[in-house]
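**Student:** So the sequences go chain by chain: A and B. Numbering that gives the first Met the number 0 applies: residue 0 is where the first sequence begins, and numbers increase by one. Numbering that gives the first Met the number 0 applies: residue 0 is where the second sequence begins, and numbers increase by one.
You may find that some hints are simply not true.
[Stated by the list, open to error] No farther apart than 16 Å at their CA atoms in a straight line, the calculated lysine to aspartate or glutamate pairs in the EDC-like style are these:
#: 1; chain 1: A; residue 1: LYS237; chain 2: B; residue 2: ASP77
#: 2; chain 1: B; residue 1: LYS195; chain 2: A; residue 2: GLU166
#: 3; chain 1: B; residue 1: LYS232; chain 2: A; residue 2: GLU79
#: 4; chain 1: A; residue 1: LYS220; chain 2: B; residue 2: ASP191
#: 5; chain 1: B; residue 1: LYS237; chain 2: A; residue 2: GLU147
#: 6; chain 1: A; residue 1: LYS232; chain 2: B; residue 2: ASP77
#: 7; chain 1: A; residue 1: LYS217; chain 2: B; residue 2: GLU127
#: 8; chain 1: A; residue 1: LYS220; chain 2: B; residue 2: GLU194
#: 9; chain 1: A; residue 1: LYS6; chain 2: A; residue 2: GLU147
#: 10; chain 1: B; residue 1: LYS262; chain 2: A; residue 2: GLU248
#: 11; chain 1: A; residue 1: LYS217; chain 2: B; residue 2: ASP191
#: 12; chain 1: B; residue 1: LYS220; chain 2: A; residue 2: GLU147
#: 13; chain 1: A; residue 1: LYS66; chain 2: A; residue 2: GLU107
#: 14; chain 1: B; residue 1: LYS232; chain 2: A; residue 2: GLU216
#: 15; chain 1: A; residue 1: LYS232; chain 2: B; residue 2: GLU79
#: 16; chain 1: A; residue 1: LYS124; chain 2: B; residue 2: GLU216
#: 17; chain 1: A; residue 1: LYS237; chain 2: B; residue 2: GLU127
#: 18; chain 1: B; residue 1: LYS217; chain 2: A; residue 2: GLU86
#: 19; chain 1: A; residue 1: LYS262; chain 2: B; residue 2: GLU248
#: 20; chain 1: B; residue 1: LYS217; chain 2: A; residue 2: ASP191
#: 21; chain 1: B; residue 1: LYS237; chain 2: A; residue 2: ASP191
#: 22; chain 1: B; residue 1: LYS243; chain 2: A; residue 2: GLU166
#: 23; chain 1: B; residue 1: LYS232; chain 2: A; residue 2: ASP77
#: 24; chain 1: A; residue 1: LYS232; chain 2: B; residue 2: GLU248
#: 25; chain 1: B; residue 1: LYS124; chain 2: A; residue 2: GLU216
[Stated by the list, open to error] Non-contacting residues of chain B with respect to chain A, defined by C-beta distances greater than 12 Å in every case (computed):
#: 26; residue: LYS40
#: 27; residue: LYS50
#: 28; residue: VAL53
#: 29; residue: ARG56
#: 30; residue: PRO65
#: 31; residue: ASP77
#: 32; residue: GLU93
#: 33; residue: SER103
#: 34; residue: ARG208
In case anyone wonders, no lab produced these hints; they're calculated from the structure. Positions of the beta carbon are idealized from the N, C-alpha and C atoms, including for glycine.
2 protein chains.
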Amino acid sequence: MLEQSRKTYSIGVVGIGNVGWHYALIAMRYFPTRELCLVHKRAITPDLTAKKQVVLRRFFKVSELPKNLDIIFVCVQDSELEATLQEVANHVGENTLIVHCAGSVPLEAIPHTRRGVVYPLQSFKKGEFVKYNQIPFFIEGSDEESTETLENLFLRVSRKVYPQSSENRLRIHLSAVLAHNFSNFLWVIAQDILEKYQIPFRVLYPLLRSAIRNLEEKFPKQLQTGPAVRGDKNVIEKHLNALKEDFPEAENIYREFSDLIHKYFNENKDS
Amino acid sequence: MLEQSRKTYSIGVVGIGNVGWHYALIAMRYFPTRELCLVHKRAITPDLTAKKQVVLRRFFKVSELPKNLDIIFVCVQDSELEATLQEVANHVGENTLIVHCAGSVPLEAIPHTRRGVVYPLQSFKKGEFVKYNQIPFFIEGSDEESTETLENLFLRVSRKVYPQSSENRLRIHLSAVLAHNFSNFLWVIAQDILEKYQIPFRVLYPLLRSAIRNLEEKFPKQLQTGPAVRGDKNVIEKHLNALKEDFPEAENIYREFSDLIHKYFNENKDS
C-alpha cells in the first residue's frame, strides 16, 4: 500500500445526480476531506449522512462556492457539462483542480489549467449500495501532480484505478454501452416476448448467470453459440417470423446480428 | 418429491454432440436406465464413464439400434434433424417414444405416434460440468403418458421442468438467442475494440457481473441506462465515429439500438 500523506482536502461536487451522489459519498467516507461543498438545485434524496470530521456545506449555484477549493468534481449530465465546466472555470482560482467524470468527453473540454477526469466504469444509482472496491476508475490529469492526486485519492476507494488517455476512455465508454446497455435492451425485448406467452423472464436467469460465469474463464469469442454462428437458416427464418408477430421493431437487429456473427466467425476461421 | 416408480428404461441417444453427450450422461446417472444405446459416427471425446448397473452399447448407425427401445433421444444438429427423425421413425417399433431436443422445431416434426420434446435452456458443451438442477427443461409430449414419462425422468435431474407447447418453446429459444447469443457477440465486439487500445476485456467484468445481479432484483426495463435512453446525441455521435475507426461493421447495430431504445422508453413514458 502507498503511504497516505497527512494532507486534507476541501472538495466540491457540482450536480448531485447518480454519479455526483456517489462521488460526494466517496469524498465523505474515503478521502481525507475537511470540507465538502455540494452544489445542487433540488433537495438531495436520499440525503447524504454527514461525518463529524467533515464540514458539509450546500449551495444552489456554482457562483456561491468558495473560490479556493482544492478539487471540484463536476458531475452534471453530459448535455449540461460544457456550460457548467465553463461556469466553474470562470469562478474558481487557478489552483483549483477541476474534474469531470464523463466517459466520452476529453480532458481538454475543461477550460482551466489544472484539470482531470475520473470516469467510473459502473452504472451508479443515487442511494443504491455498490461495492466501490471492485469498480474500475479511469483517471486522467493535465499534469503529473493532478493525476497523482486523483490516483491516490481513488486508490482509497478501489484497487482498480488506472491512468488512461481521453482517446482510450472514449473506447471504454463505447464498449460499456455495447456490452451493458445494449445487452440490457436485448433482455428487455426477450422479456416482452416471453411475457406475451405468459412465460416468466426468470427462466433465462440460469443461462445468463452461466454466460457471465463463463466469461471469467474464457473469452466471448470462444463462447459464441447459436443458430447464427452455425449458419442455421431454418431456425433464423423461424425466429424472424416469430419476431414479425411478437416484436417487429427488432427484426432488423436480429438480421444484422445473424449476418455479422456468421461473417465474423467464418472469416476468422478461414484466416 | 414425486414417488419414483420401479420401472427401468432402455434408452437410446442418437448423435453425441454437445447436447447428446449431456443427455447420455443424464440417462446414465439420473434415470433408472437398464440399457443405454449410443449412436455416434466418431469416437466420443471426452468418453462417458459407464455405470455398473447400466448396459452401455455403442453403434455407428441408427439401423443397428434395437427396435424396441423405450425412449430414443435424437440430439443431432438442427440441419440433420428432419432426416434423422425420419430414419429413426422408420426403424423402431410403435411403442418407442421418439424425442428431440431442439428449441425451434415443433413436436409434429417427428413422424411417429409416440413423440416428445425435451428442450434444455442452457448452452451445453461436451465434457463441461454443469449444475443440471438449475437448468430449465421444457417438455412436450404427443399424449399424456409420454409427457408424464419425460417429466418424471427429468424431475430427477432438475427442479425446473415445465410442460410447454411448441409455439411457446420457439419463443423461449428466440429469447435465449437474443438474450444470450447476441449479448455474447456484443461482448466480442467490445473485446476487439478494447484490445486495439491495449485495454484488457476484464475491465468490463464488474459492470457485467452487477448487470446480472441486478436482473434478479429488477426487470431489465427498470435497469436501462446509457446515452440512447437519455437521447444524448453528442455521445452517440462520438461513439459512431469511434466505431468507424475501430469496428465499422457494427455501426448499423449501434444506430439501430440507439433509435430503438430511445423510441421504446420515450413512447412507454408517454403512454
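**Student:** Are the Cα positions of A/LYS220 and B/GLU194 separated by 16 Å at most?
**Tutor:** holds (13 Å)
**Student:** Take the C-alpha atoms of B/LYS237 and A/ASP191, compute the straight-line distance between them, and say whether it is at most 16 Å.
**Tutor:** Violated. B/LYS237 to A/ASP191 sits at ~30 Å, over the 16 Å cutoff.
**Student:** So if I understand the rule, the pair passes when the alpha-carbon distance is 16 Å or less; does B/LYS217 with A/GLU86 pass?
**Tutor:** violated (38 Å)
**Student:** Hey, does B/LYS40 actually stay past 12 Å from chain A on C-beta?
**Tutor:** holds (18 Å)
**Student:** CA of B/LYS217 to CA of A/ASP191, is that 16 Å or under?
**Tutor:** Given pair B/LYS217, A/ASP191 holds - Cα atoms ~14 Å apart, limit 16 Å.
**Student:** Just double-check B/SER103 for me: nearest Cβ-Cβ distance to chain A has to come out over 12 Å.
**Tutor:** violated (5 Å)
**Student:** Between the alpha carbons of B/LYS195 and A/GLU166, is the straight-line distance 16 Å or under?
**Tutor:** holds (12 Å)
**Student:** A cut-off of 12 Å on Cβ-Cβ distance, and B/PRO65 was said to be off the interface with chain A. Does that hold?
**Tutor:** The assertion about B/PRO65 holds, with a minimum of 31 Å to chain A.
**Student:** Is it true that the CA of A/LYS220 sits at most 16 Å from the CA of B/ASP191?
**Tutor:** holds (10 Å)
**Student:** Quick one, are B/LYS220 and A/GLU147 close enough, alpha carbons at most 16 Å?
**Tutor:** Measuring from Cα to Cα gives roughly 39 Å; hence the hint is violated.
**Student:** For the pair supplied as a hint, A/LYS232 and B/GLU248, is the alpha-carbon distance within the 16 Å limit?
**Tutor:** With Cα atoms ~21 Å apart, A/LYS232 and B/GLU248 exceed 16 Å; violated.
**Student:** Checking one constraint from the list: CA of B/LYS262 to CA of A/GLU248, max 16 Å. Satisfied?
**Tutor:** Within the cut-off at roughly 10 Å; holds.
In terms of the numbered hints stated before, the structure departs from hints 5, 12, 13, 14, 17, 18, 21, 24, 31, 33 and 34, listed from lowest to highest.
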